[in-house]
Amino acid sequence: MFHALANPARFLRLMAVIRPWAAGVAIVGLAAGLGWGLLYSPPDYQQGETVRIMYIHVPAAWMGMFIYAAMAVASATALIWRHPVAELVAKASAPVGAVFTLICLLTGALWGKPMWGAWWVWDARLTSMLILFFIYLGYMALWEAFDDPARAGRAAAILALVGAVNLPIIKFSVDWWNTMHQPASVLTLAGPKIHPDILWPLLITALGAKGYYVWLLTLRVRAEILSRQARILRFAAATDRRAD
Amino acid sequence: MSAFLAIVGRDLRLGFGAQGAMLTTLLFFVLAVSLFPLGVGPEPQILARIAAGVIWVAALLAAMLSLDRLFQTDQEDGTLDLLAQAPLPLGLVALAKTLAHWLTTGLPLSLIAPLLAILLQMDGAAIPVLLAALLLGTPSLSLIGAIGAALTLGAKRGAVLVPLLTLPLVIPVLIFGVGAVEAASYGLTAGPHLLLLGAFLAGALALSPFAIAGAIKLALE
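Protein chains in written order, with numbering that gives the first Met the number 0: chain G, 0 to 243; chain V, 0 to 220.
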């Protein structure tokens, strides 16, 4: 099963089967979760209506981290088994993860203004997400830095793994730094327990976001495979012309 | 072992020579630190408050300066191909070159830092801790930086790319390095911060040779 997926044509067929289901989960999940969260869930007793930013902010943060984990697994697969499609899965995931991380940062800033009175606070979680965003950008820049996609792919895979080892350490050090410099943040989701009326739309939105990621992934990996094929055909055509 | 030392010796001779990056790196470090009083004003309290952070950030940036040449010149003139053929495992070759990089950047930079700390009005008790923290932290910068240098071998805009890849990964070094100095200047124990810096170094020392060697192999294919 695993090695069978190394065949791009077979992988494309599997993607085609998954795509409509992922699209369905994305559309239904995001519509239901966001609709419920933004329109029908109760406002928070402390934060009022601004708590609704959470229904976008928190799933985006989860996706930013989840997609990096997926990228690291795909990169390890690509390096260990020389799995050509895994490399493309990692490449196709990076921009999606970066944008989710950016959404998390932007909504965090929008949420910070009414809650903390400042657009940006060097809160441990916001800072960690900012660093994660930089790591995504570095990963994508490395992909673009080589003419040879095979070289770029394996260099980027090594970088993704180095980042994966380092991310927990960075997270820990930022938490440590934050407790040194700043008192505990005011942001608490109405205490440790979240009310089901808030939790359910949040979870449904998160599920929809996962479906959206898989949907985009099937499209982006297909585009990557097709553009690789186009590249090979172009080279072949150029060689033919020279041979004539 | 003799092959390891031979590589270190060769890179040191190159680094200390007229073509070497050691003096330039050191000058950059001193210059970058001395810009801060001009930027934020000469008030001793402010300078003393930011001294640790300024010195550490400048050290981070200075360590990035010569990184892109770490393997590139050797790749261009074919030395790297020969080193890869050597009986020494490629990871150890990488470690030898990284050690030479640290001896020509991290070490001199750490040794001159106490002087800059005095210029920035740092608390006297914190200065030995600053030296210890830099000596423990800068090798990690060289090790993680060498991964970035090896990954960008032959890349377009490699010189800009190395700091972009490396700086986010060395944030823990910055945090614990500054933490140690600040703890000491508040009269607290700097031990935990220094231990964490040491732990980071131990981890980097154990793991990064594999990543560097893997990346060099890619570049030589």
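Note that these hints are calculated values from the structure, not bench results.
We treat Cβ as the ideally placed atom computed from N, Cα and C, and that holds for glycine.
Check before you lean on any hint, since a few could be wrong.
Label-pair ranges, simulated between beta-carbon atoms [unchecked claim]:
1) V/P191 to G/W80: 47 to 53 Å
2) G/L11 to V/D80: 46 to 52 Å
3) G/A108 to V/S1: 56 to 62 Å
A partial selection of chain V residues facing chain G, derived with a Cβ cut-off under 7 Å [stated by the list, open to error]:
4) L130
5) L150
6) L160
7) L164
8) P167
9) I170
Verification of the hints:
Checked against the hint of 47 to 53 Å, the C-beta distance between V/P191 and G/W80 comes to roughly 41 Å, which is inconsistent with it. Taking 46 to 52 Å as the suggested C-beta distance range, the pair G/L11 and V/D80 does not conform, at roughly 39 Å. Between G/A108 and V/S1 the CB atoms are about 57 Å apart, so this pair conforms to the stated range of 56 to 62 Å. A least Cβ separation of about 21 Å between V/L130 and chain G goes past the 7 Å threshold, and the interface hint is therefore violated.
Hint status for V/L150: holds, given a least beta-carbon distance of 5 Å to chain G, under 7 Å. Against a cut-off of 7 Å between C-beta atoms, the interface hint on V/L160 holds, since the closest Cβ of chain G lies about 6 Å away. Given hint, V/L164 at the interface with chain G, holds; its Cβ is 4 Å from that chain's nearest Cβ, closer than 7 Å. Taking 7 Å as the C-beta contact cut-off toward chain G, the hint placing V/P167 at the interface holds, the least distance being around 4 Å.
Satisfaction of the interface hint for V/I170 is found here, the shortest Cβ-Cβ separation to chain G being roughly 5 Å, below the 7 Å cut-off.
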